[in-house]
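Participant: Protein chains in written order, with the numbering used here: chain X, 1 to 617; chain C, 1 to 617.
These are calculated hints, taken from the structure and not from any lab test. It is possible that some hints are incorrect.
The list treats identical chains as one, so a pair stands whether inside a single copy or across any two.
Okay, derived cross-link-like pairs now, DMTMM-like style, lysine to aspartate or glutamate, Cα gap no bigger than 25 Å in a straight line [stated by the list, open to error]:
#, residue 1, residue 2
1, Lys61, Asp45
2, Lys583, Asp562
3, Lys43, Asp478
4, Lys582, Asp507
5, Lys583, Asp520
6, Lys582, Asp198
7, Lys43, Asp228
8, Lys583, Asp478
9, Lys61, Glu135
10, Lys582, Asp562
11, Lys506, Asp330
12, Lys122, Asp364
13, Lys582, Asp495
14, Lys582, Asp510
15, Lys583, Asp507
Protein chains: 2
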Amino acid sequence: MADRVGYTVDVEAAGQLQCFLDGRHAALRRETRARLSALPLDKADGLGRDDYRDLVLEWTKGLGLAGDGARSFPVAYGGQDDPGGRIATFQTVGHSDLSLLVKMGVQFGLFGGAIHRLGTRKHHDAYLRDIGTLELPGCFAMSEIGHGSDVRSLRTQARYDAEAGEFVLHTPDETARKDWIGGAALHARVAVVFAQLDVAGQAQGVHAFVVPIRSADGEVLDGVEIEDCGDKMGLQGVDNGRLRFHAVRVPRDNLLDRFGSVSAEGVYTSPVASPGARFFTMIGALVEGRICIAGAGLAVARNALTIAVRWGERRQQFGTGLEADTPLMDYLTHQRRLLPAICESYVLQAAHDHLTDSYVALLDGGEGQRDVEALAAGLKAVATWHTVQAVQQARECCGGKGYLTENRFASLRGDSDVFVTFEGDNTVLMQLVAKTLLSDYAAQFEDLDAFGMVRSLTSRQAGRLLGGLSRRAADLDDPVWQAEALAFREDRLVDSLARRLRTLVKDGTDPLRALALCQDHALAAARAHVERHAHELFRERATSPLLQQVRDLGALSTIERDRAWWLEHGYLSADDSRALQKKVNVLCADLRPQALTLVAGFGIPDALLRAPIATAV
Amino acid sequence: MADRVGYTVDVEAAGQLQCFLDGRHAALRRETRARLSALPLDKADGLGRDDYRDLVLEWTKGLGLAGDGARSFPVAYGGQDDPGGRIATFQTVGHSDLSLLVKMGVQFGLFGGAIHRLGTRKHHDAYLRDIGTLELPGCFAMSEIGHGSDVRSLRTQARYDAEAGEFVLHTPDETARKDWIGGAALHARVAVVFAQLDVAGQAQGVHAFVVPIRSADGEVLDGVEIEDCGDKMGLQGVDNGRLRFHAVRVPRDNLLDRFGSVSAEGVYTSPVASPGARFFTMIGALVEGRICIAGAGLAVARNALTIAVRWGERRQQFGTGLEADTPLMDYLTHQRRLLPAICESYVLQAAHDHLTDSYVALLDGGEGQRDVEALAAGLKAVATWHTVQAVQQARECCGGKGYLTENRFASLRGDSDVFVTFEGDNTVLMQLVAKTLLSDYAAQFEDLDAFGMVRSLTSRQAGRLLGGLSRRAADLDDPVWQAEALAFREDRLVDSLARRLRTLVKDGTDPLRALALCQDHALAAARAHVERHAHELFRERATSPLLQQVRDLGALSTIERDRAWWLEHGYLSADDSRALQKKVNVLCADLRPQALTLVAGFGIPDALLRAPIATAV
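Take these sequences, add in the hints, and give me the full structure.
Facilitator: What follows is the structure in structure tokens.
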């Protein structure tokens, strides 16, 4: 068509979007993008597994030395005391090689984070500097084959031998085998091992120990047994391994003793009185990992969406009802597959920023650990499921081109797919969210005081519920209506879940059994919570007209997806619901000219996208 | 728990299920499974791309010689004149290595099928026997880079040179480059090339030509240019390539001339008068490919679901609310992720069987080509999207275990992902379905006689519509209610689509533009059609109590997924809709003890599953 004007990037608007996404760590993200762009990432293409692992180790070391390794460590150990910056950096690495991402996460985040957060001065002095520079490669040995999602039930043993002044680490049977330990198969010289501490026959719960597993020249140490997990669907540059310990002895100082220590004579003391609280304090280390994976998942989705939009602008589709030179992006189905996902990607970033800030505040001595943990769990699940969906849609939108390895979907998908099941399986994480929603004191619930929990909850929710019920007429254009619709769903789902549980428990069902019976309900409540929360945060920051379009399409497509729920609860009439679908179509059409701008706002350099079909148009 | 009794396979019931799925080709499927089980499929694991391709060629040859190559060819050429058998065999190969599947599909189905169906006696004599034994490896060069989904617009030229008595095949520019041609990169010696026939300056439309591309010793012939498509997300054992022709000359006999021939003097004649009809007759060859891919997609989904269910029975999940030794399959979320997909897999097989029968009848001279084409398009799309979903859910249900290459999800997913975009992009295919639904005479619609089309349609639909409207009270247990709900949705969606189009066209919108504006509506109508059709066919054959449970969960979970639609149309009340969700939970719980039996019914030998986590329990 002679008169067709191609859409181009609105550079000014894209810059504002990038500013929004980069947030308070803009300079650091910019610097990281430049550093990543300078890496010869293509060297990994087609490389054999072992070479790829070595290459990733080398890259990790380079980034470590450049400052990314110790970023969250104290200044005294070469760091910058900047955990928020570390999380932002990690997300940025999510635009590049994901084996590199996970390798960095293991070394600096999990391994380094455990030494930093669970250890004390003596451990920091001994290890932190060398961790940040990768002089000391390590691993984080928590997961066991039989207890992937329940750390409290780990079975690796750590018995204190007072006579020798040593701990004896032991794998009693196959279910206690450490599994999926990144770094263990090849590079790690030291493992932080989570094990059940036994002092003089007294079980003191899970504690973390520094356990050397390889000599400086890479020999596996006596009593340590290591296997490679083998080939994986992705992340082949990460050396995941299995660990077994056969009465391995480490000095008493190797207990990371910030939250519990053992005297030479064998007396256990802890600054945290309750074993339950102590446990939760200790596994707080996992929270940062989940925040990081949520952020990285969003980054991966953005790579995929960028590639698909750029191809969709360039690729013309023939013979399906429009003019012969109509770009794919002009088609409604194409818009519906990509634009709501792009909006969601912006919306979830607002939640991620807020979560990062809350987490940093917590580290600085703030309150609300349970809330941060619940949000980290919920956002990790919602964001990584979003990743899987967005990557798949984007791949399909690129047809055969998307199937070619060179266009990156193979690695984007293969590498990120495990995000939905590692660092806590998403389904399990969403149940944690639901439990937290059901009570500000989940411990109370786990202590089976379900009646008290349910009573306190229903009264707490009542206020918001009534507010929700009084506002029914659908005004799709009104962000307040969108907000209230999302809040109404959350409140009602939590309220009805609590009622169902109360009824079941009243009738004699064990409370945990009752929760299992309502599992789908609990997942729906958790999702409603995360979505309401994320859209609320985004709405507050959606100040430009373009961000407001993103807000509207993001919120209305979210509501549309689950519109049956609002129909069932009389919040949407049948006419409202049909209008909602039309509105989503209209918003797609309205936003469509900005598609290239929206992905330009993701700010991913071509050197990181590395997809021939996506070179900037 | 001491008193827990594990579920086991009900061998009798599993046998009946397998009987249902194997259908009329049970003996052949059994024989094929045995033949596939004897192949050393593990040899492909970790193999480099080139070695893998050679191995697949060797396997293909072996299966060809064993009878799978010529199965649909005439007896005179070593065949069995059994296209239905070929389709069943192909589906069975879908349980094994998918590169082997696609290689067989290209050689025997596309390449052989084109020679068989588009050629005449002289071509059959010259090629068919050697195709079936793979003495003559070939390829099917239809797709072009610029015209993936619209064969009619292909741009490769075939000009008849009357003086020389030859056709001159030529690639005029880069958009006419043949792309994604399986077999072209390495093994094919001959290509069936689809090109625009030009006889004495007269365009005669797309025809197929036999074009040698390599010598017997593998040298690429003069004027032919071949590139490898490169690494792919999966199917690395298939040598996809790109072809360009530079004034390549072939004898006049190399036109596959069943539907159009050129005399030595350069006079074009065809037994099919209308160019439109001729074109559709000619690309009827594509229909069998789509039927085959639909069947293979169902097979792949079954592998994934079998692995996940077996692991879900064995794997215990801790600390999420049930007893410590509760298998994953006891959890509602796990049941909801796997059981409806299993039911859908059974349901869609009924549609596949029916489609195969209709196709075979068509080859035998029966009526209804357009219907078969539409159903093949629709079932291919719905079945392969089902594959993507089922494989993803199954992978997630297996957690980290599912991420290990050894447990097969990497290849199940990577290899089958292209199913949704090749042999016709699913989105485009669903639009074809919608067009067929809109009129028994799609040609009429494409000739822009939209008014006539819409008028004829709305009166045709009126009868069924009224029937649907009169039956509103939800009786979820009643298969007649389930059937009517699905029929009501289809009828209403098609009716409202027609009305919208009519209004748009009345207001001056170009009819094809109007269809593009209603694209999401068209896709919904197409899906509603395929689902109604499949469930109808399954219902008729669901004679055992277990199959009736499958029918109920299959139908109700299908309705549940799109329940907003029925709510919007007053067919479900809010209470009905809530009851529907509860009912799906109950049906999941009811069917859960049969989970192992349901996947045993898929009848996939361990030698084909090859997943350590799925060795029969």
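Participant: Each of the hints needs a verdict: does it hold here or not?
Facilitator: Going through the hints against the structure:
1. Lys61 x Asp45: Within one copy, since 20 Å is at most 25 Å while 32 Å is not.
2. Lys583 x Asp562: Classified as both: same-chain Cα gap 15 Å, cross-chain 19 Å, threshold 25 Å.
3. Lys43 x Asp478: neither (50 Å within a copy, 61 Å between copies)
4. Lys582 x Asp507: For Lys582 and Asp507, only the inter-copy Cα distance (19 Å) is at most 25 Å; the intra-copy one is 45 Å.
5. Lys583 x Asp520: between (29 Å within a copy, 13 Å between copies)
6. Lys582 x Asp198: Neither: 63 Å inside a copy, 47 Å across copies.
7. Lys43 x Asp228: Answer is both: 23 Å inside a copy and 21 Å across each meet the 25 Å cutoff.
8. Lys583 x Asp478: Intra 12 Å, inter 36 Å, cutoff 25 Å: intra-copy only.
9. Lys61 x Glu135: within (8 Å within a copy, 54 Å between copies)
10. Lys582 x Asp562: Close inside one copy (15 Å) and across copies (17 Å); limit 25 Å.
11. Lys506 x Asp330: between (56 Å within a copy, 23 Å between copies)
12. Lys122 x Asp364: The answer is within: 21 Å in one copy meets 25 Å, while 84 Å across copies does not.
13. Lys582 x Asp495: Between copies, since 18 Å is at most 25 Å while 31 Å is not.
14. Lys582 x Asp510: The answer is between: 20 Å across copies meets 25 Å, while 46 Å in one copy does not.
15. Lys583 x Asp507: For Lys583 and Asp507, the Cα distance is within 25 Å only across copies (21 Å; inside one copy 45 Å).
Consistency with the previously given hints fails for numbers 3 and 6, ordered from lowest to highest.
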